[in-house]
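Q: The chain contents come next:
Protein chains: 2
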Amino acid sequence: MTTRNDAEKRDADDPLAPLRDLFDLPEGTIYLDGNSLGALPRATAARVQEVVTGEWGDALIESWNSAGWIALPHRVGDKIARLVGAGAGELVVADSTSVNVYKVLKAALGLAEPGRDVIVSERTNFPTDLYIAQSVAREHGCELVLLEPGEQPADRLDERVAVLMLTHVNYRTGAMWDMAGITAQAHERGVLTVWDLCHSAGAVPVDLTGAGADFAIGCGYKFLNGGPGAPAYVWASPRHADRFAQPLSGWMGHAAPFAFTTDYEPAPGIARYVSGTPGVIATAALECGVDTLLAAEPYGGLAALRRKSLELTRLFADLVEERVPGFAIESPRDDERRGSQVCLSRPEGGYAIVQALIARGVVGDFRVGSDGLPDILRFGVTPLYTRFVDVWDAVEQLRQVMESAEWRDERFDQRLAVT
Amino acid sequence: MTTRNDAEKRDADDPLAPLRDLFDLPEGTIYLDGNSLGALPRATAARVQEVVTGEWGDALIESWNSAGWIALPHRVGDKIARLVGAGAGELVVADSTSVNVYKVLKAALGLAEPGRDVIVSERTNFPTDLYIAQSVAREHGCELVLLEPGEQPADRLDERVAVLMLTHVNYRTGAMWDMAGITAQAHERGVLTVWDLCHSAGAVPVDLTGAGADFAIGCGYKFLNGGPGAPAYVWASPRHADRFAQPLSGWMGHAAPFAFTTDYEPAPGIARYVSGTPGVIATAALECGVDTLLAAEPYGGLAALRRKSLELTRLFADLVEERVPGFAIESPRDDERRGSQVCLSRPEGGYAIVQALIARGVVGDFRVGSDGLPDILRFGVTPLYTRFVDVWDAVEQLRQVMESAEWRDERFDQRLAVT
Chain A
75 MTTRNDAEKR DADDPLAPLR DLFDLPEGTI YLDGNSLGAL PRATAARVQE VVTGEWGDAL
135 IESWNSAGWI ALPHRVGDKI ARLVGAGAGE LVVADSTSVN VYKVLKAALG LAEPGRDVIV
195 SERTNFPTDL YIAQSVAREH GCELVLLEPG EQPADRLDER VAVLMLTHVN YRTGAMWDMA
255 GITAQAHERG VLTVWDLCHS AGAVPVDLTG AGADFAIGCG YKFLNGGPGA PAYVWASPRH
315 ADRFAQPLSG WMGHAAPFAF TTDYEPAPGI ARYVSGTPGV IATAALECGV DTLLAAEPYG
375 GLAALRRKSL ELTRLFADLV EERVPGFAIE SPRDDERRGS QVCLSRPEGG YAIVQALIAR
435 GVVGDFRVGS DGLPDILRFG VTPLYTRFVD VWDAVEQLRQ VMESAEWRDE RFDQRLAVT
Chain B
75 MTTRNDAEKR DADDPLAPLR DLFDLPEGTI YLDGNSLGAL PRATAARVQE VVTGEWGDAL
135 IESWNSAGWI ALPHRVGDKI ARLVGAGAGE LVVADSTSVN VYKVLKAALG LAEPGRDVIV
195 SERTNFPTDL YIAQSVAREH GCELVLLEPG EQPADRLDER VAVLMLTHVN YRTGAMWDMA
255 GITAQAHERG VLTVWDLCHS AGAVPVDLTG AGADFAIGCG YKFLNGGPGA PAYVWASPRH
315 ADRFAQPLSG WMGHAAPFAF TTDYEPAPGI ARYVSGTPGV IATAALECGV DTLLAAEPYG
375 GLAALRRKSL ELTRLFADLV EERVPGFAIE SPRDDERRGS QVCLSRPEGG YAIVQALIAR
435 GVVGDFRVGS DGLPDILRFG VTPLYTRFVD VWDAVEQLRQ VMESAEWRDE RFDQRLAVT
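Chains A and B, in that order, give the protein sequences. Going by this note's numbering, the first sequence wraps up at 493, each residue one higher than the last. Going by this note's numbering, the second sequence wraps up at 493, each residue one higher than the last.
Isolated chain A (complex conformation) (with noise of 0.2 Å):
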C-alpha cells in the first residue's frame, strides 16, 4: 500500500514537478476539477492586463494590426495544433465547441457519399454535442444514431452512415477510444469522423494526422487552461481543406474580409472556420494556458505528462479501492482506455459527498446520472499541477468523510445552479 511519505517522495523524485509553479494554485485546496475549468496560470493576468490597458486602451483600433489581433485565432490555433498531431495552418480557434460541432457536421454531411444519412454518435457523448447533433439531422432529414454504452462504433457504421461523431474521453467516466483504430474502421466503411477533444487534448497524447480523423474540435477552458468560457477550436484534415462549406460564413472567414464585397468568398482551409469577430481578451488569456502545456515540451512534452497522468489516476484508483470501500470505479483501469479522470459511483449520496469533500477543500464534482447511467463523483488529474500527495490527501479526505458520515449532514445536500 502506498503511503503518504510514498507519495511526497514521488513528487520529490517528478521530472515534471517545477511546471506546477506555472500556475497561480489557491492555499488549502486539492484542485481535481481541471478537466471542467483549468486552474490560472500565472502568465495569464499579467498578459490580460496587458491586452486591456495597452492594446485596446492605449492603442484602440490600430491593435487589429500593430498588435496582430487579426492573425491571433491562426497564432493560437498553430501552438493548439502542437498538442493534437495537427499541422500549422489546420486549426483555428473560434466560437464555442458547440458552435463549432455545428459546422463540423455540416461539414462532414456535405462531403458525405450521396444517399448517406444517418449519424452515429454515442449515448454517453457530452450532452451539448447531442443536442446540436439532433439538431443538424434534423434539418438535413437524417437520423441519429445513438451507441449504447458498451457497443463498438464499428458495429453501427453500415452503408447509410455518413458521419461517426465521438468524443475522445468520454467526461462521465473518462474512458478513452482508440482514435486510429476507430477512424480506420470508419473509413473502411465510407464513414467520415468528428472527434470531440473536450476531454483529452492537453491531457492525453492526440495524434489527429496519424489517425487519419477528418474533423475534429474542442474547449479552450479545461486541460488548455484558457479559462472560464474560453474560446473553442475546430480543425479539418488538410485532405478536405478548401472543399468544405461553412453554414456560419462570417466574415472573418472571408477570403477578403476587408474588401466588404457583397458576395461570400471562403478564404483558403481552415481560416474559413472563423466565422464572427475574434474575442481577443479571451483568445489572449487562452494564449497563456496552451503555453503552460508547451512549456512542458523541453520536460518530453505531452508523453511525459501523460505518463504522469496515468500514474496519478491508477495511485487514486487504487487508494479509493485499499481504503475507501462501497464505492464502483467507472473509469478503466486498463492505461490504454483511460483519460485524464478517475470516476466514482455509489448507490446514494454521490452529490453530498462531492460537497463534503469541497468543503474539505478537494474539489472534483457531480455528474448526475440520467437514462439509467449511474451518478458520478467526477476527479480529474492535471499532471502540470497535480502531485501524487495531493492524490493521497484526496482519497483520504474521502476517507474521513464516509468514516464520519458528515455527508449526510443536510447542508451538503441543497443543491447548487451548477453541479
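Since the hints were made in silico from the structure, they are not lab data. Glycine included, each C-beta is placed from N, C-alpha and C at the ideal position. Keep in mind that the hints are not guaranteed to be accurate.
[Stated by the list, open to error] One-sided and incomplete, this derived list gives chain B residues near chain A with beta-carbon spacing under 7 Å:
(1) V122
(2) T127
(3) V173
(4) G301
(5) W325
(6) S349
(7) G350
(8) P352
(9) V354
(10) A359
With chain A fixed as given, assemble chain B onto it according to the hints.
A: Using the frame of chain A, we list chain B on its own:
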C-alpha cells in the same frame, strides 16, 4: 462659422461632459472610431483582473455559482435591454453577431407563413449579415433579394417575402432606417423583421418594443464599449418567445443543462439562445462597457446622448463643408436619418488621407467601396467621450492634411491587413 473657442465653450456648457471621465483615453489622440471599437472604460481593467485572479484563480469552478457566472449572459443581457427598448429576460449575450444573425434568420424562417421563401436585405448592409443570409437562403431554398441604394424596403415586400433584415444604422454611411415605420409596413405585408443594432445601440435611442420588431442582434464592441471582439447579443420579441427554434442548440440553452439528458429541450424564452458555455472574462468586460451607458441615465440617458451626438455630427459636417473643400458628405444631413457618424468621400486618396490623419492623432477609419459604391472616410462620434473641440480639431487636422498634400506621401498608402 464655429470657431475653436465656440467649440470649447460648448464643451464647458455640456452637462454630459463628466461622462468622459468614465474612460481611459490615450493622451494626444482624437478618437473618432468608437463605431468600430469603443474606448476602454476606466472600470474594465480592475473588473477583468478581479474575474481572472479572484473568481477564476482563487475560487475556480465554484465561481459558476458563487460569482454568478452562470447568470452572466442574462444579467448583462438585461442591462443591454434597457438601451434598446426591450424588457428584462428578453435579451441575452451570446456568441458573435455573425452567429446570432444565423440564429435569428433561421428562427424567423421557422415562424414565417408557409410558402414565403424570400429574405430581403440591402446591398450596403454589413457584409457578414449578407454572407450569413446567403448561407441561410441556400440551406432553406430561399432567395435573397437585396435593396439597391435608394430603394425603400416596402417596394420589395410582396407575398413571397418571409423576412426583412436591415441594419438600423448603415455601417458605411451612418444612414438610419425608420425602425417603427418599416416594421409596421413589413407586418402589414406579413413579413417578419430582423434588426441589426451594431451601429445604433448605445448611440441612438432604439425602441424594439415600441417598434414592434420581431428579432434583433447586435455587437458588444462598438458603442457598447465591451472590448475587442466582445460577445454579441440577441433579442426576440416576447410574442415569439417559446415559439422559435434554435439551430445552435447548445447545452447552455437547454431547459436543464445540468440534468445532462440525452435529448434537447429548449429553455423557456430567450434563454435558448445561449448556446455553448459563455465566455466569462469577455462578458464581464462587456458589462463594464454597458455600465458606461447606464451611467448616463441620471444625465438624461440615451435621449441626452442622442442630442449631443447629433450636435457633434452636425458640427463635423458643417465644418468640413465650410473649411475643407473637395469632399462629398455621404451621411444624411437630416437629423432623423443620421446615426452617430459622418462619412466623407472623395474621388481619390481616401485611404491615404485616413492614414495621414491617424499619423496626426486623429483616428477615423476607411471603408473601401465595392459594387460601384465610393470609398468612405468614416468618423464616428461617441457622445460619452467625444468633445466638441475634438470635432473642431479633427476637421482642422483634415484641412491641414489636404492643404499640405502630405497624404500623397507614399508611406500613407502602405495597406495594412485591417483597413
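Q: Run every hint past the structure and note whether it holds.
A: Now the hints, each set against the structure:
1. Hint status for B/V122 relative to chain A: holds, with the closest Cβ pair at about 6 Å, below 7 Å.
2. For B/T127, the suggested interface contact is upheld, since its CB lies about 5 Å from the closest CB of chain A, less than 7 Å.
3. For B/V173, the interface hint holds, since its Cβ comes within 7 Å of a Cβ in chain A; the closest pair sits about 6 Å apart.
4. A hinted interface residue such as B/G301 counts as satisfied when its beta carbon comes closer than 7 Å to some beta carbon of chain A; here the least separation is about 6 Å, so the hint holds.
5. The beta carbon of B/W325 comes within 4 Å of a beta carbon in chain A, closer than 7 Å, and the hint placing it at the interface holds.
6. Because the closest C-beta pair between B/S349 and chain A is about 5 Å apart, less than 7 Å, the hint holds.
7. Because the beta carbon of B/G350 sits about 3 Å from the nearest beta carbon in chain A, less than 7 Å, this interface hint is met.
8. At about 5 Å, the closest approach between the beta carbon of B/P352 and any beta carbon in chain A falls short of 7 Å, and the interface hint on this residue holds.
9. For the restraint placing B/V354 at the interface with chain A, the shortest Cβ-Cβ distance is roughly 4 Å, inside the 7 Å limit, so the hint holds.
10. The restraint placing B/A359 at the interface with chain A holds, with a minimum CB-CB distance near 6 Å, inside the 7 Å limit.
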